[in-house]
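Engineer: Here is how the chains run, residue by residue.
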Amino acid sequence: MKAGRKDKMTLYMLRNAFSTLLIAFVSFMISLISYYECSFVEALRRLFFVNIYTTLYFLLLWLLNYMIFEISKIIFDTYENILTYKFILVLCLVAIILFFVPMLDLFQWNFIFLCLFIALRQIKQLYIHKKRPSNGL
Amino acid sequence: MGVGDDMNKEIKKQLILSFVLLTFVVATLFFWYQNFIFHTYGEKVDYQYCLYAQNEEWQIAGYEFYQKGKTQGYGHARLTPLQPQLLKKNDEMTVTLHLKNHQPFIQTIKIQNDNQVLLLENQTGQNIFSEKDLQNVQLQIEVKRQKKSIYNQTLSMQKQDIMTYTSANKDYTLTNVYVTENWLKTGVFSSKDTKLAQKYPYMIVDYMYSTEQNQEVDINDYERFVYLKGKTEDFLNDQVEGIGYYDGQGSLFDMQLCCVITLMKSEDDLNPYTFTLPLNPIQKGES
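Protein chains in written order, with the working numbering: chain A, 743 to 879; chain B, 2 to 288.
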């Protein structure tokens with residue numbers, strides 16, 4: 743593998759890791775702020791400084807997000823010719839359905855954001871980098 | 002050409018590995034779910050304020066205003082006379098709290114002993130208090146002896162800083178312990194064990210403080226501050242509450258606080274299960 747391509751891959755992986763981290767973080771913040779009706783700073787304290795269980799669960803959710811995102815990339819890139827826009831439509835539909843599913847709001851927001859993020863990435867793949875060969879980035 | 006043919010072996014391997022890892026992560030999230038909910042979404046209190054006043058004759062500590070779910074309340078303050086002969090047996094004392102945007106709250110107390118330390122009753126009602134309501138709060142104290150007014154003074158009440166303390170180990174949590182410099186309101190005890198009340202029907206909760214700044218917690222350094230004893234079920238349902246007033250030197254914020262929990266199989270269990278939960282501040286309360 744060429745050095746330039748390797749750097750690009752690291753950059754993409756970092757971007758994906760950061761995005762999925764942001765999704766988990768924003769979902770936790772929304773959930774804690776709405777539950778405790780508290781400020782952002784207080785929710786931040788509750789997430790990182792109150793107990794280790796909340797923080798660990800946050801990190802696990804981030805890991806889950808990252809893995810789902812990576813798997814979605816592999817699937818989409820493999821079946822790119824067949825799935826095209828249908829995959830994006832399905833993701834948007836799942837996000838809408840999730841909004842009405844009675845579950846913990848943390849998971850609701852997390853998976854809605856994740857679906858939208860995966861959809862955005864696929865739109866980018868389809869329309870912006872249409873000519874780029876499938877490379878799993 | 003079949004879809005499966007498109008997928009080369011390398012991608013298949015990646016996918017299988019990813020799904021195996023995903024299963025591990027999902028299983029961990031699933032099995033930790035109850036634990037996470039227990040530690041993350043505890044009981045919440047909508048507001049908690051504490052007022053304090055002192056002049057040459059009186060010290061008024063822990064006048065609280067709170068909202069807990071659908072219950073709003075106020076009162077619970079301790080009035081300490083600082084001068085001898087200020088209160089005599091059979092005096093009648095009227096305590097009136099003047100608040101912005103609210104009717105004055107009047108409580109009348111019959112004095113039972115000379116220089117009695119008074120505890121105002123906790124009053125519940127429909128009134129909801131905001132921070133604005135608690136600016137310029139005045140407390141009027143009138144003492145009548147044989148129907149003649151012998152003392153009538155108004156004190157200006159100051160809102161105190163409140164810190165919320167909490168503690169947790171793997172199975173038990175203690176949340177919403179409110180602390181000011183010289184006042185403590187006990188918190189909510191909860192357990193992951195749903196059958197705790199059946200296993201240990203009675204329990205004691207001791208709130209302790211220590212002026213020692215050692216990192217190592219030695220229970221002998223601690224002084225008992227609040228003592229609560231009752232049915233475990235009542236503790237778990239947040240029906241047991243206590244207030245502690247600290248009269249020593251310094252501030253409670255500078256001290257180490259801890260809680261000793263004693264779980265008992267009967268009211269006079271000689272071999273109870275005892276453990277300590279160190280209390281740590283997590284945030285400044287609504288102040």
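Among the clues, some could well be false.
[Said to hold, decoys possible] DSSO-like mimics (lysine-lysine), calculated; alpha carbons at most 27 Å apart, straight line:
hint : chain 1 : residue 1 : chain 2 : residue 2
1    : B       : Lys69     : B       : Lys266
2    : B       : Lys171    : B       : Lys266
3    : B       : Lys145    : A       : Lys828
4    : B       : Lys171    : B       : Lys111
5    : B       : Lys10     : A       : Lys815
6    : A       : Lys828    : B       : Lys14
7    : B       : Lys14     : B       : Lys89
8    : A       : Lys866    : B       : Lys13
9    : B       : Lys230    : B       : Lys101
10   : B       : Lys13     : A       : Lys815
11   : B       : Lys10     : A       : Lys748
12   : B       : Lys13     : A       : Lys828
13   : B       : Lys196    : B       : Lys145
14   : B       : Lys266    : B       : Lys193
15   : B       : Lys69     : B       : Lys111
16   : B       : Lys193    : A       : Lys750
17   : B       : Lys69     : B       : Lys149
18   : B       : Lys13     : A       : Lys750
19   : B       : Lys200    : B       : Lys266
20   : B       : Lys71     : B       : Lys160
21   : A       : Lys748    : B       : Lys13
22   : A       : Lys748    : B       : Lys14
23   : B       : Lys160    : B       : Lys193
24   : A       : Lys815    : B       : Lys266
25   : B       : Lys200    : B       : Lys230
26   : B       : Lys10     : A       : Lys750
[To be verified] On the chain B side, residues computed to face chain A include the following (Cβ under 10 Å):
hint : residue
27   : Trp33
28   : Ile38
29   : Thr41
30   : Gln104
31   : Phe106
32   : Ile110
33   : Lys111
34   : Asn114
35   : Ala169
36   : Leu253
37   : Phe254
38   : Met256
39   : Asn281
40   : Ile283
The hints are simulated quantities; they were obtained by calculation from the structure and are not laboratory data. Think of the CB as a built atom: it goes at the ideal place given N, C-alpha and C, for glycine as much as any other residue.
Engineer: Going straight from one Cα to the other, do Lys69 of chain B and Lys149 of chain B come out at no more than 27 Å?
Structural biologist: 40 Å, violated
Engineer: Compare the distance between the alpha carbons of Lys171 of chain B and Lys266 of chain B with 27 Å, and conclude whether the hinted pair is satisfied.
Structural biologist: 21 Å, holds
Engineer: Starting from Lys866 of chain A, check that the Cα of Lys13 of chain B is at most 27 Å away, please.
Structural biologist: 24 Å, holds
Engineer: Can you confirm whether the C-alpha distance between Lys14 of chain B and Lys89 of chain B stays at or below 27 Å?
Structural biologist: With a Cα-Cα distance of about 88 Å, the restraint between Lys14 of chain B and Lys89 of chain B is violated, given a limit of 27 Å.
Engineer: Does the nearest C-beta of chain A fall within a distance shorter than 10 Å of the C-beta of Ile283 of chain B?
Structural biologist: The hint holds - Ile283 of chain B has a Cβ within 10 Å of chain A, the shortest such distance being about 5 Å.
Engineer: Is the Cα-Cα distance between Lys171 of chain B and Lys111 of chain B 27 Å or less?
Structural biologist: Violated: Lys171 of chain B and Lys111 of chain B sit about 48 Å apart, past 27 Å.
Engineer: Taking 27 Å as the top limit, are the C-alpha atoms of Lys10 of chain B and Lys748 of chain A close enough?
Structural biologist: Holds - the C-alpha atoms of Lys748 of chain A and Lys10 of chain B are around 22 Å apart, at most 27 Å.
Engineer: Are Lys748 of chain A and Lys13 of chain B close enough, with their CA atoms no more than 27 Å apart?
Structural biologist: 22 Å, holds
Engineer: Compare the distance between the alpha carbons of Lys828 of chain A and Lys14 of chain B with 27 Å, and conclude whether the hinted pair is satisfied.
Structural biologist: 25 Å, holds
Engineer: Holds or violated: the hint that Met256 of chain B contacts chain A, with Cβ atoms closer than 10 Å.
Structural biologist: 20 Å, violated
Engineer: Hinted pair, alpha-carbon criterion (27 Å max): Lys69 of chain B, Lys266 of chain B. Please report holds or violated.
Structural biologist: 30 Å, violated
Engineer: For the pair we were handed, Lys145 of chain B and Lys828 of chain A, check the Cα-Cα distance against 27 Å.
Structural biologist: With Cα atoms ~84 Å apart, Lys145 of chain B and Lys828 of chain A exceed 27 Å; violated.
Hints 1, 3, 4, 7, 9, 13, 15, 16, 17, 23, 24, 30, 31, 32, 33, 34, 36, 37, 38 from the list above are not met by this structure, while the remaining hints are.
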